[in-house]
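*Asks:* Could you put the whole structure together from the sequences, leaning on the hints where they help?
Protein chains in written order, with my numbering: chain W, 110 to 314; chain A, 110 to 314; chain E, 110 to 314; chain P, 110 to 314.
Hints are computed from structural coordinates only; laboratory data are not their basis. Check before you lean on any hint, since a few could be wrong.
[Unchecked claim] Label pairs and their computed distance ranges (CB to CB):
no.	chain 1	residue 1	chain 2	residue 2	range
1	W	Val267	P	Lys295	24 to 32 Å
2	W	Glu287	P	Lys205	40 to 48 Å
3	W	Thr265	P	Glu284	24 to 32 Å
4	W	Lys270	E	Lys205	35 to 43 Å
[Stated by the list, open to error] Taking lysine-lysine pairs in the DSSO-like style, the calculated list, with each CA pair at most 30 Å apart, reads:
no.	chain 1	residue 1	chain 2	residue 2
5	P	Lys273	W	Lys149
6	A	Lys273	E	Lys153
7	A	Lys270	E	Lys149
8	W	Lys205	A	Lys295
9	A	Lys205	P	Lys153
10	E	Lys149	W	Lys149
11	P	Lys153	W	Lys270
12	P	Lys191	P	Lys205
13	W	Lys205	W	Lys295
14	W	Lys273	P	Lys270
15	W	Lys153	W	Lys207
16	W	Lys295	A	Lys210
17	A	Lys149	P	Lys205
18	A	Lys205	P	Lys149
19	A	Lys191	W	Lys210
In this text, a Cβ means the ideal position worked out from N, Cα and C, and glycines have one as well.
There are 4 protein chains.
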Amino acid sequence: MRWRRQLFDKCSVEPATITACSGARGHQVRYVVGVMGPSKARRKDLENARALGELIARREWVLLTGGRAVGVMHAASQGAKKVPRSLTVGVLPTTKDKISKYVDVAIITEMGNARNNVCVLSSQVIVACGLGGSGTVSEVALALKAGKHVVLLGATPVEEKFFKNLGGRFISSVETPEDAINAILKRFDEGEVADLRALEPWHGY
Amino acid sequence: MRWRRQLFDKCSVEPATITACSGARGHQVRYVVGVMGPSKARRKDLENARALGELIARREWVLLTGGRAVGVMHAASQGAKKVPRSLTVGVLPTTKDKISKYVDVAIITEMGNARNNVCVLSSQVIVACGLGGSGTVSEVALALKAGKHVVLLGATPVEEKFFKNLGGRFISSVETPEDAINAILKRFDEGEVADLRALEPWHGY
Amino acid sequence: MRWRRQLFDKCSVEPATITACSGARGHQVRYVVGVMGPSKARRKDLENARALGELIARREWVLLTGGRAVGVMHAASQGAKKVPRSLTVGVLPTTKDKISKYVDVAIITEMGNARNNVCVLSSQVIVACGLGGSGTVSEVALALKAGKHVVLLGATPVEEKFFKNLGGRFISSVETPEDAINAILKRFDEGEVADLRALEPWHGY
Amino acid sequence: MRWRRQLFDKCSVEPATITACSGARGHQVRYVVGVMGPSKARRKDLENARALGELIARREWVLLTGGRAVGVMHAASQGAKKVPRSLTVGVLPTTKDKISKYVDVAIITEMGNARNNVCVLSSQVIVACGLGGSGTVSEVALALKAGKHVVLLGATPVEEKFFKNLGGRFISSVETPEDAINAILKRFDEGEVADLRALEPWHGY
Numbered sequence: 110m111r112w113r114r115q116l117f118d119k120c121s122v123e124p125a126t127i128t129a130c131s132g133a134r135g136h137q138v139r140y141v142v143g144v145m146g147p148s149k150a151r152r153k154d155l156e157n158a159r160a161l162g163e164l165i166a167r168r169e170w171v172l173l174t175g176g177r178a179v180g181v182m183h184a185a186s187q188g189a190k191k192v193p194r195s196l197t198v199g200v201l202p203t204t205k206d207k208i209s210k211y212v213d214v215a216i217i218t219e220m221g222n223a224r225n226n227v228c229v230l231s232s233q234v235i236v237a238c239g240l241g242g243s244g245t246v247s248e249v250a251l252a253l254k255a256g257k258h259v260v261l262l263g264a265t266p267v268e269e270k271f272f273k274n275l276g277g278r279f280i281s282s283v284e285t286p287e288d289a290i291n292a293i294l295k296r297f298d299e300g301e302v303a304d305l306r307a308l309e310p311w312h313g314y
Numbered sequence: 110m111r112w113r114r115q116l117f118d119k120c121s122v123e124p125a126t127i128t129a130c131s132g133a134r135g136h137q138v139r140y141v142v143g144v145m146g147p148s149k150a151r152r153k154d155l156e157n158a159r160a161l162g163e164l165i166a167r168r169e170w171v172l173l174t175g176g177r178a179v180g181v182m183h184a185a186s187q188g189a190k191k192v193p194r195s196l197t198v199g200v201l202p203t204t205k206d207k208i209s210k211y212v213d214v215a216i217i218t219e220m221g222n223a224r225n226n227v228c229v230l231s232s233q234v235i236v237a238c239g240l241g242g243s244g245t246v247s248e249v250a251l252a253l254k255a256g257k258h259v260v261l262l263g264a265t266p267v268e269e270k271f272f273k274n275l276g277g278r279f280i281s282s283v284e285t286p287e288d289a290i291n292a293i294l295k296r297f298d299e300g301e302v303a304d305l306r307a308l309e310p311w312h313g314y
Numbered sequence: 110m111r112w113r114r115q116l117f118d119k120c121s122v123e124p125a126t127i128t129a130c131s132g133a134r135g136h137q138v139r140y141v142v143g144v145m146g147p148s149k150a151r152r153k154d155l156e157n158a159r160a161l162g163e164l165i166a167r168r169e170w171v172l173l174t175g176g177r178a179v180g181v182m183h184a185a186s187q188g189a190k191k192v193p194r195s196l197t198v199g200v201l202p203t204t205k206d207k208i209s210k211y212v213d214v215a216i217i218t219e220m221g222n223a224r225n226n227v228c229v230l231s232s233q234v235i236v237a238c239g240l241g242g243s244g245t246v247s248e249v250a251l252a253l254k255a256g257k258h259v260v261l262l263g264a265t266p267v268e269e270k271f272f273k274n275l276g277g278r279f280i281s282s283v284e285t286p287e288d289a290i291n292a293i294l295k296r297f298d299e300g301e302v303a304d305l306r307a308l309e310p311w312h313g314y
Numbered sequence: 110m111r112w113r114r115q116l117f118d119k120c121s122v123e124p125a126t127i128t129a130c131s132g133a134r135g136h137q138v139r140y141v142v143g144v145m146g147p148s149k150a151r152r153k154d155l156e157n158a159r160a161l162g163e164l165i166a167r168r169e170w171v172l173l174t175g176g177r178a179v180g181v182m183h184a185a186s187q188g189a190k191k192v193p194r195s196l197t198v199g200v201l202p203t204t205k206d207k208i209s210k211y212v213d214v215a216i217i218t219e220m221g222n223a224r225n226n227v228c229v230l231s232s233q234v235i236v237a238c239g240l241g242g243s244g245t246v247s248e249v250a251l252a253l254k255a256g257k258h259v260v261l262l263g264a265t266p267v268e269e270k271f272f273k274n275l276g277g278r279f280i281s282s283v284e285t286p287e288d289a290i291n292a293i294l295k296r297f298d299e300g301e302v303a304d305l306r307a308l309e310p311w312h313g314y
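*Replies:* Here it is, written out as structure tokens:
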């Protein structure tokens, strides 16, 4: 099954909300957007992350981050928690990390940086909010490896060129949080957003 | 910080609800109960899992399972989704598993059976609902390794003896879903429920 | 392809050595025996581990352990390194563990206790040398989950009964390191030793 | 402890061999070089990988690859196995991959692409032989995250610029397998080669 806007419209309460529906009982799996970025982030990346987190939550999408109380992950979760009934998931590398207080559900992986793969596989789409950190670069690469679309927010020309060479049409590059949301919505219209599970259709939704 | 009933009472809306509060802004991290059990389960284990899932959700705790559309994980999630505004998290082994339609947020680990360690680390307490499967046994053992309390629901005498030898006071053994909940609540009274992070106090809550 | 004694005999230099051969070029994949056991081990378990490591190395099998400089893993590697040209592999949980000085090749997983799954999947057969630790119990359970044979060395009656209930014919229980080796050899005669890869035949050997 | 040429010279049999020694008993931990690259590789990358594998084995270093029977990993292992008494380790993503017949010891992680982190952590230095694949890019990024030196072999100008921006002095860029070896040796002279364990000195060697 593809995620298409017209499909979701059938069961969505608000037109702005895109989720999947599961027929009779109306149970919905939540659409998850992963926001990745450096722990030592520039001011601009933090501002983008906060705005992006809030926009994601306003659409009733789940925000997924690396969950630590630093940098882009912390700022994005903070933005999302401005919105009532938002849901933030943090996927943490170790049992000893300080968890962001804006994370509702903490997934403790004890996998170190290999948790980056869990972050991208558990998100339907990824937004990379600043590419200055090697962790974020690994996440973009792992997302492409898994067939996920990646939206680069605020990439430099070299970064954009490098990743477009690597990922082709799976890469979008934008300048603002609003455009990142638009890039995600555009994927719905194209029926192109990757499923959580890469190789089979979802059942039961 | 320890999870104590009196602490949560300060900020809980309903007395029956046990969550943690974070002072000024009132943001709450969600308390997560992991329910583990065989994919090929006996009828009794499935009934227990459904009842247990519902009881967990009624207390506004998050239910965490292995997320697949089979056995105890499916039944527990189904029970929880009878409760409005419940939250079910499934931590899945591969990108190709059929996800239970009663899972709200799917964490795709692509770690195979090593995802069992993520399940137990991301839960504050574990209930093992039937020990007939080697996956479940590995989860109980990994939970003990991580310093988590484990409630055995419907264990045989040999299973109970084996795990009490291994885990001592970290093991409770009960016969009914209601008693599993009581065993969890007793931990709160004792201030003993293990934090998500084993070795340091939580910050910021 | 099954690992059978008669097969290996075709290309083995010494009759006592069991390895696989790959036809024309004579390249051999190494047969790997995993020895698991507590980090805080009893004297008897340490003695067994040392003797077992040496016996494994004498057969030119690779010894695989958890790699840390403590307990059964350290003792087994020490025993193996008494034998010239032995090969010891240690699969370590974190980047900060002290590595046993008897480990030739260190695989650093940064997966915490989830590395236990790597240990069992990378071994053709497992010997559990003392079951007093929850890590070891998780390894036996994960090995059974993966369809590997497990030899329990020095198990108590409760431990033996529990694991025979769980694993059936995949469990052998023995009292001495020599009998552990015999239990492994018996598997060859039965053509039953699990391949590294559970679901497909090996190619190219 | 730093890996310095003068240190190794004390116990090395051949001047060309760089390994670490552990004093009295003369036991040596093996120095591991990871060679990463695409599974669908260009002819030039395959030729480089074969030559590089052979050069690594001639120095008695252990070759570590992704272990599958395709692309750069297969070619590098093939090159190494031309050398008598060479040792090749393959770190495989799943239990179902076809293992390269040039791999001596197969580490089966069942972690999917997260095994890339195990590859880089288990190597003292990484050579990326072609950067056309997103898996390889993730490995270079994870290696930098872990503080490992990375030698880029045959990178395009954009790739070189991107990774030098990201990794600074931890990145070398070369054109031939011989220069890749020289870049590794240069690290020894500088005492800069990262230890397997990033944060503490090695003990016991």
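*Asks:* Take the hints in turn and mark each one as holding or not.
*Replies:* Evaluated hints:
| no. | hint | verdict |
| --- | --- | --- |
| 1 | Val267(W) to Lys295(P): 24 to 32 Å | holds, 26 Å |
| 2 | Glu287(W) to Lys205(P): 40 to 48 Å | holds, 43 Å |
| 3 | Thr265(W) to Glu284(P): 24 to 32 Å | holds, 26 Å |
| 4 | Lys270(W) to Lys205(E): 35 to 43 Å | holds, 38 Å |
| 5 | Lys273(P) to Lys149(W) | holds, 18 Å |
| 6 | Lys273(A) to Lys153(E) | holds, 23 Å |
| 7 | Lys270(A) to Lys149(E) | holds, 21 Å |
| 8 | Lys205(W) to Lys295(A) | holds, 26 Å |
| 9 | Lys205(A) to Lys153(P) | violated, 35 Å |
| 10 | Lys149(E) to Lys149(W) | violated, 40 Å |
| 11 | Lys153(P) to Lys270(W) | holds, 23 Å |
| 12 | Lys191(P) to Lys205(P) | holds, 27 Å |
| 13 | Lys205(W) to Lys295(W) | violated, 39 Å |
| 14 | Lys273(W) to Lys270(P) | holds, 15 Å |
| 15 | Lys153(W) to Lys207(W) | holds, 23 Å |
| 16 | Lys295(W) to Lys210(A) | holds, 26 Å |
| 17 | Lys149(A) to Lys205(P) | holds, 23 Å |
| 18 | Lys205(A) to Lys149(P) | holds, 23 Å |
| 19 | Lys191(A) to Lys210(W) | holds, 29 Å |
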